[in-house]
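J.: First to last, the sequence lines map onto chains A and B. Numbering (the working numbering) for the first sequence: 2 to 88. Numbering (the working numbering) for the second sequence: 2 to 88.
There could be a bad hint or two in this list.
Since the list gives no way to pick one copy over another, a pair counts as held whenever it fits inside one copy or between any two copies.
[As the list claims (entries may be wrong)] For lysine-lysine, the following BS3-like pairs were computed, each having C-alpha atoms within a straight-line distance of at most 25 Å:
1. K47 x K74
2. K23 x K74
3. K74 x K58
4. K58 x K70
5. K23 x K47
6. K23 x K49
7. K58 x K47
8. K70 x K23
9. K58 x K23
In case anyone wonders, no lab produced these hints; they're calculated from the structure.
2 protein chains.
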Amino acid sequence: MYVIITYDIGVERIDAVRITIKQYLNWVQNSVFEGQMSVSDLAELKSKINGLIDIAKDSVLVFTVNNPKWLEKNVIGASRSSTDNII
Amino acid sequence: MYVIITYDIGVERIDAVRITIKQYLNWVQNSVFEGQMSVSDLAELKSKINGLIDIAKDSVLVFTVNNPKWLEKNVIGASRSSTDNII
Numbered sequence: 002m003y004v005i006i007t008y009d010i011g012v013e014r015i016d017a018v019r020i021t022i023k024q025y026l027n028w029v030q031n032s033v034f035e036g037q038m039s040v041s042d043l044a045e046l047k048s049k050i051n052g053l054i055d056i057a058k059d060s061v062l063v064f065t066v067n068n069p070k071w072l073e074k075n076v077i078g079a080s081r082s083s084t085d086n087i088i
Numbered sequence: 002m003y004v005i006i007t008y009d010i011g012v013e014r015i016d017a018v019r020i021t022i023k024q025y026l027n028w029v030q031n032s033v034f035e036g037q038m039s040v041s042d043l044a045e046l047k048s049k050i051n052g053l054i055d056i057a058k059d060s061v062l063v064f065t066v067n068n069p070k071w072l073e074k075n076v077i078g079a080s081r082s083s084t085d086n087i088i
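Just chain A, with the same shape it has in the complex:
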């Protein structure tokens, strides 16, 4: 499945969350990651995120589509995509 994750997280927890998500997905904007991943990897990642954030304060949105062809993406302005892809 294809996944987009966006987050709004307290600065004291952001590095841990970013490092964790980067193990599964590609960084594409300040607080946005995306990429292809398996259902089981996504479940694992969501569980890890849940353990890292403050559930009362932080917000993480996980958007998924089963078929990446269903999702179109356009960039207006600068592209921030990293070149290192999935670690």
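On the provided structure of chain A, position chain B as indicated by the hints.
T.: Chain B alone, transformed into the frame defined by chain A:
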């Protein structure tokens, strides 16, 4: 079509962009809007955003799916959704 817009924009331009996107979509996180919109409205919105941002510095990602049923969304932690929906 269903649209997710994420942005990373210089602070001096962010209010204008946020106000503009809010005329079409629902605010769901710090730098994330989403919602249903027509192809023509999306074209209009993209044109407006293009006129407001610094193309060399700012980045706006526009994700679209033709059928909202194709997109699943999960929230981990706090939900930031506004209650005022589309203006």
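J.: So, for every hint listed, does it hold in this structure?
T.: Here is what the structure says about each hint:
no., hint, verdict
1, K47 x K74, "both (23 Å within a copy, 12 Å between copies)"
2, K23 x K74, "both (20 Å within a copy, 20 Å between copies)"
3, K74 x K58, "between (29 Å within a copy, 19 Å between copies)"
4, K58 x K70, "neither (34 Å within a copy, 29 Å between copies)"
5, K23 x K47, "within (13 Å within a copy, 29 Å between copies)"
6, K23 x K49, "within (12 Å within a copy, 32 Å between copies)"
7, K58 x K47, "within (17 Å within a copy, 31 Å between copies)"
8, K70 x K23, "within (23 Å within a copy, 27 Å between copies)"
9, K58 x K23, "both (22 Å within a copy, 23 Å between copies)"
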